[in-house]
Amino acid sequence: MRTLEITIAGTLLLAGAGLFVMTFSPSFDVPTFGGDVGPAFAPRGYLAVWVALAGITLMQALRLENDKSRDPGNITRLIGASIIGAMTGIAMLWVGFVFAAIPGFFFFCYVLGYRRMVTLAIISVAAPLVIWTLFTFGFELLLPRSPWFGRL
Amino acid sequence: MELILQAIQQFARPEVAIALVIGGLWGTLAGVLPGIGTVAALIIALPFTFAMTTEASMALFLSIYVTSVYGGSISAILINTPGTPQSAATVLDGYPMAQAGKADLAIGWATIASFVGGIFSLIILIAAAPALARVSVSFGPPAIFAIVLFALTCIAWLSEGSMVKGLLGGMIGLWLTTIGPDNYTGMTRFHFDTQILRGGLTLIPILIGLFALSEVFLRAANVGATTPPSKMNVGFRLPAVGDMIGRWKEFLRACSLGTFIGILPGTGAMAATFVSYTAAKRYSPNRDKLGTGEPDGLIASEASNNAVTGGALIPTLALGIPGDGGTLVLLGVMTIKGVTPGFDLVNNNPHVLTAAFMMVLFANIIMFGSGMVSARLLERLLRLPEPLLMGLILLFSLVGSFVVRGNPLDLIVCVLAGVAGVLLRLARYPVAPIVIGVALGFIFEAKLRQGLIASRGSIVGFLTDPIAMPIFALTAVIIIIPIIRAIRGPKSTADT
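Chains as they are written, first to last, in the numbering used here: chain A, 127 to 278; chain B, -18 to 477.
Each hint should be verified, as a subset may be incorrect.
Unchecked claim - A short list of chain B residues far from chain A (calculated; beta carbon distances all over 12 Å): (1) P(-5); (2) R268; (3) G272.
What the hints assert, rightly or not - Beta-carbon label-pair distances, calculated as ranges: (4) A/A143 to B/P162: 21 to 27 Å; (5) B/G167 to A/W274: 36 to 42 Å; (6) B/A221 to A/A141: 47 to 53 Å; (7) B/R268 to A/L268: 42 to 48 Å; (8) B/L444 to A/L268: 47 to 53 Å; (9) A/G264 to B/A(-7): 26 to 32 Å; (10) B/V441 to A/D155: 24 to 30 Å; (11) A/P229 to B/T316: 43 to 49 Å; (12) B/I460 to A/P229: 48 to 54 Å; (13) B/V441 to A/S153: 29 to 35 Å.
No lab work stands behind these hints, which were simulated from the structure alone.
Given the structure is predicted, the values throughout are model-derived calculations rather than measurements.
Glycine included, every Cβ here is placed at the ideal spot set by N, Cα and C.
Take these sequences, add in the hints, and give me the full structure.
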C-alpha cells in the first residue's frame, strides 16, 4: 500500500504542476470584464494549493512505513471486477446498454463468486431488459443505443 | 380564514389528492434511484401536466419536489450511494448505521428529520414569505460566496486523520468544475483539444463513480466480509420520542440553516447540507461520533436539505426567483399554467399561494408513507445474493450517470471516477471532499468572480459586506480552532 500511496501522491503532484503551468498558456490570456479575474483566476488558485498539498502528501507517503496489517482483500477479484465494470460502461457507448449490460452483468457476478449458472444467465438477460424497458418506456429516458436495433 | 377555506376548496378535489399521492411515490422512487434526482423527476413528469388542471399540476410538482429530496437518503443509507446530490452528507452516518445493522432506524431518523425540516420551513414559508423574500434579494455575491466558503470548511471536518489528503481532494473537486466553458469570457478551459470535454463536467457522474462504483468494486475484494444488506435490518423504525426530543437543538439548527440557505437564490440544498453538517461537527454534543453512524449527522443532513424545499419556495413563489434547479422547473410549470409567481401571486391570488402551502404540508405527510413503502420494497430487493445485488447497483449506477444529460462523456467520467475512487480509497484518501468540491465549485467561483468584478478586483468589498463579514469571521474561527487544538493538545496529529 505504501507503493500505491507514493504513486498516487507523485501522480497528483505531477498532474497538478502540469495543469498549473497550463494556466499560464496564451489560451488563458483573454480579455476580462474587469477586476482582473479572468478564466485562469480560479483554477490557478486551486492548482497552486493542489500542488502544495500533493507535495506534502508525497513527503508523508515517502516517510510512511509499510503497514502489513492492512488487508485490502482479494486484489485479483477487485481488479477483475473493476475491469469488467469499466469495460461494461465503456462498451455501452459502442454496442448500447442492453448488449453491453448482458455480458457485463454475467461476468461481473461470476467474478464476485456467484456460481448458479442457470439463474445467473436468466437474470443477466432479464435485468438489463427490465431496466431498459423501465427507462425507455416508463421514464422516456433514452439509454445508450446499439447501432443495430433502433432504441435497443 | 377565508383564504384557507378558498384554498381547501381548490385543494379538496380528487385529481389534486391523486396528483399528490402519485407525485409523492414518484418523487421518492426518483430520489432512491441514483442519477435521476429532483430536476429530472420533475422534467419527466412535465408532459403529464398538459392534461391536468393547474391545481393538480401544482400538487404533482410540489409533491415530487418535496419527496425526491427525501428519497435520496434511502439509497444513501442502504447502498452508500446518495440518490440525489442533496443526500451526499447522509452517507457519512447513514451507511455506517446500516452497516451496524440499524438500517431501519437510520431510515426512521432520515424520515423524521426530513419531515421536521419540511414542516419547519413550511411554517416559515407561511409566516414570512413576503418579508423574507425581500431580505433574500439583499444577499449579494460576497454574502453567498461567504456561505459557500463556510460550507467548504466541512472538508476539513470530513478529513480527520488525513486532513492534507482531504483538502487535496477538495482542491481536485474544485478544479474539476473549471473544466469546460467559462461563463464570463466564453473560452473553454482544460479541454485538452478534445471535443468531448468542451461541455464541461457535471456532479452526478462523479458522485456516482466515486461513491457507488468504487464501493461496488471494493466490495468485490471483500464479498462476504462487509455486512450484507440482508443483515442490515432494512425496514422502517422510528426512533424513540424521548431520543428525538433530546436532540431538539440539532433539529432546530439544521432546520434553521436549511430554511435560511434555501431562501437565498442559487445557493441550493447541497450547500445547506454541508453547512449544517459542519455546524453539527462544531456544536453537536455527539460531534466526536459524527461519521460513525451518529443520528445527529442524519438530522444535520436530512432536516436541512428538506428545509431547503420550503425555503427555496419563498423567493420562487413570492418573487418569481427560483431558489434552486427544482424550483426553476416548478416556476416554468406554473407559468405554463397561467400562474405568475411573484407580486401577482402574493397580492392578487393569495388563495393559490395558500393552496400551495397546504400541498407542501400534505406532500410532507405523504413522504412518511412513501418512505415506509420504499423501505419495505428495498428490504425485499436487498435479500438478493450479494454478487447479484452488486451487479444491479453497477447497472443502475451506469444508467444513472448517463440519463441526466444523455451525454457519453458522463458514462466515461463515471467509470473513471469509479476506478479513481478505488485507488484513492485504497491509498486512504477520503472521497467525500472531492464530491463537496465539485458540488460547490461552480457557485464558489461564480460568486467570487462576480464580487471581484463588481469591486474591480478589490477584496475589500467582500470584507466590508455586512452580511459576509460575520460569516467570514465564523469560517476563520472554524478553521483556526482545530489548528490551535492540534498544536496545544496532548495528542498531536502528525498528519495535519
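Hints and how they fare:
1. P(-5): holds (24 Å)
2. R268: Label holds. Min Cβ-Cβ 25 Å, cutoff 12 Å.
3. G272: Non-interface label stands for B/G272: nearest chain A Cβ at 20 Å, farther than 12 Å.
4. A/A143 to B/P162: 21 to 27 Å: holds (25 Å)
5. B/G167 to A/W274: 36 to 42 Å: About 39 Å separates the Cβ atoms of B/G167 and A/W274, which means 36 to 42 Å holds.
6. B/A221 to A/A141: 47 to 53 Å: holds (50 Å)
7. B/R268 to A/L268: 42 to 48 Å: holds (46 Å)
8. B/L444 to A/L268: 47 to 53 Å: The hint (47 to 53 Å, Cβ to Cβ) holds, given that B/L444 and A/L268 are roughly 49 Å apart.
9. A/G264 to B/A(-7): 26 to 32 Å: holds (30 Å)
10. B/V441 to A/D155: 24 to 30 Å: holds (26 Å)
11. A/P229 to B/T316: 43 to 49 Å: Because 47 Å falls inside the window, the suggested range holds.
12. B/I460 to A/P229: 48 to 54 Å: holds (50 Å)
13. B/V441 to A/S153: 29 to 35 Å: Because 31 Å falls inside the window, the suggested range holds.
Going through the hint list in order, the structure satisfies each hint without exception.
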